[in-house]
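*Asks:* Required output: the full structure, derived from the provided sequences and hints.
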Amino acid sequence: MTLRSILHVEDDADIRAIVQLSLETLGGYQLSQYASGPEALEAAPSETPDLILLDVMMPGMSGEDVWKSFTEMPHLRDVPTIFMTAKAEGVYSADLIRRGACAVITKPFDPMSLPDEIRSHWDKCASEHSA
Amino acid sequence: MAQHSYLSVTVLALLALLGLYAASLAFGVVGLPSGPVISGLWATTGLLVGSGAVLVLTRQQDRRGQRLLQQYGKELNFGRQAINAHTIVNVSERTGEIIEVNENFTRLFGYSADEVLGHELSFIYENGEEDPVFQEMMSCSLAGTGWTGEQRLRTKDGAAVYTQCTMMPLFDEDGQHSRNITLRTDVTASRRAEADHYLTVVLEELKDEVFIYDTAEHVITYMNAAARRRTGWEDGARGGRRIDEAISDIDPGVFAEHIAPLTNGRDPIVRLECRDDAHALEVATQRITAPGGKPLYVSVIRDITERRAVEKAKLDMVSTVSHELRAPLTSIKGSLRMLQSGALGTFEGRANTVIEIAARNSERLLLVLNDILDLDKIRAKQMDFTRESMTLGPLLQSAIDMNSGYGEEHGVRFRLDDPTSDARIMGNADRLMQVLTNLMSNAAKFSPQDGEVRVGLRDQGDVWQIFVRDSGPGIAESDRPRVFDTFAQLKPADGRPRSGTGLGLAICKSIVERHEGEIDFVSQIGHGTEFRVDLPKAAGPERNLTLERLAS
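As they're listed, the protein sequences go chains C and R. Position one of the first sequence corresponds to residue 1 (full-length UniProt numbering), numbered consecutively onward. Position one of the second sequence corresponds to residue 1 (full-length UniProt numbering), numbered consecutively onward.
In short, the hints are calculated from the structure, not lab data. No residue lacks a Cβ here, since even glycine has one placed at the ideal position from N, Cα and C. All clues given are correct.
No farther apart than 35 angstroms at their CA atoms in a straight line, the calculated lysine-lysine pairs in the DSBU-like style are these:
no.: 1; chain 1: R; residue 1: K445; chain 2: R; residue 2: K377
no.: 2; chain 1: R; residue 1: K537; chain 2: R; residue 2: K445
no.: 3; chain 1: R; residue 1: K377; chain 2: C; residue 2: K68
no.: 4; chain 1: R; residue 1: K314; chain 2: R; residue 2: K377
no.: 5; chain 1: C; residue 1: K68; chain 2: R; residue 2: K314
no.: 6; chain 1: R; residue 1: K537; chain 2: R; residue 2: K377
no.: 7; chain 1: C; residue 1: K68; chain 2: R; residue 2: K312
no.: 8; chain 1: R; residue 1: K377; chain 2: C; residue 2: K124
no.: 9; chain 1: R; residue 1: K156; chain 2: R; residue 2: K294
no.: 10; chain 1: R; residue 1: K491; chain 2: R; residue 2: K314
no.: 11; chain 1: R; residue 1: K207; chain 2: R; residue 2: K312
no.: 12; chain 1: R; residue 1: K207; chain 2: R; residue 2: K294
Computed, partial: chain R to chain C, Cβ under 8 angstroms:
no.: 13; residue: H323
no.: 14; residue: A327
no.: 15; residue: S335
no.: 16; residue: R337
no.: 17; residue: M338
no.: 18; residue: A343
Reference listing, derived: stretches of chain C covered by chain R, where coverage requires no fewer than 3 residues with Cβ under 8 angstroms from a Cβ of chain R:
no.: 19; region: 13-26
no.: 20; region: 98-109
*Replies:* See the structure below:
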């Protein structure tokens, strides 16, 4: 199994653009981007991503809220989920991972190395899931 | 007896008068007809009887006087004993030398009579001879005017005593002022009682709540006005209530746990945070010994609702600012990074230079932001700070591996001195790595090209000392007080400025202090600087565990 499609939720349009350049242009992945949790949830039934990439702090519905809703959908429940956060606290990241997140990437991230970083996290988590 | 002596005195007096009258007749003092022989006889007889009677009379009066004197002496002695028993007495020469002290004096002040006789009394005054009260006493002593008032004095072992004092001049038989007698009463106890009363009033009016209760049953014996106000227990309603009833939302078990460290004397004071309805409370409890030796607990309860709200608001703000600054920085840095990479096309000459400048400065902005947030988190004690048993050797090695790239940028090599394998402390590896990275990047920045920075460990008894030594320009001694301040970018001794946020050493200091350690430096202008971090040793070597960990 290889990583092809990524579902990305991020409220900041500029960061969406950077992530798009990084993951689509440089990484060659297929990316579906949404500007908010509700928008992503509305489209979720027809989405079948290999990986979910969520911003943590978003107005209204947080990344964690979106994650919780996704885990209630059978076709998204087991998809590896990576969080992106500006919160640098180790405790917070450790807690997300303990609760089942695949990885936490701290902002600002390096768009040049982001594709590789995401790939290596996904490789690890996907193999855990299939095992 | 008195009656009898009066009678005999009267009889004798009459006899004497008679004799003297006869003699005067004989000498013709009183004009009566007489012959020379008869008058001579009368005169002799009269003189003899009269003078005999006077002689007897004088003797008699002498005895009586002596008895009276004895009587007065007894009474005087009685009075003197009473004064001696009650007051502190000293008699001094007009010029100040002590010539007599009583037992009360030696008992209160703790000096023996031998130690004080012949000296001026200055030693019982707070400031000795310089003491203004002593000087006033001396001038009154010389002038013979006397003195009355209260004095704060000190005993031989330095304890303060309060006395009510009266000095009176003594005059000799010629009416000359020769000596002074000084009487003192010890009023320390009543002064103390007044002070106690004062303290009780202060305690009563304190904004914090104060509870005093016994150590066995925790039954409250005193609560101040603030405590009564919050609990709603009036003075009379206090009877038999226990301290844990005073905080509605606290479990008695939790409270017992709170004060447990006091019972074995491990901690002198313990703190607990709890809630009571909508209030956040901080309870600080101490064990005290009441006069008389009875142990008591004192709990001071402070309402910290407001303080907690302010702290939370501050942390929320820091978190918000962090997010608000990091989001745009993510875009700026990301964009610049992609432009630099050439993945989106190439630029020519100057364009590359400005992209380079923008990228470098966004990097710098991020460093400052991270440092401010780190410092704030460390100071607010919000930073993840779990400490575990760890060895310093491997930490130093990985610090060198991690920072060697940065060293190369500055043409500097890091060298590890004596990697002691067994240096065990209780620490947070990530935070200590932050300290080492800060110290090593500083050392690299300030070292000359092709310089060497030595990193190592020393056994200093109770502590392990990490040192990072450069051969840079050194730090001027006058800059020492500011080195660890926030934003303290000092002018280097060689005058060449280096990049940095000015927060690195402040962060190091905060982290080291959270490890109950110390950070310091020694420096020599022109020769270099050595930063030293002392960290308390962890108890008991766990050699096998270390080896296992290293092996895995």
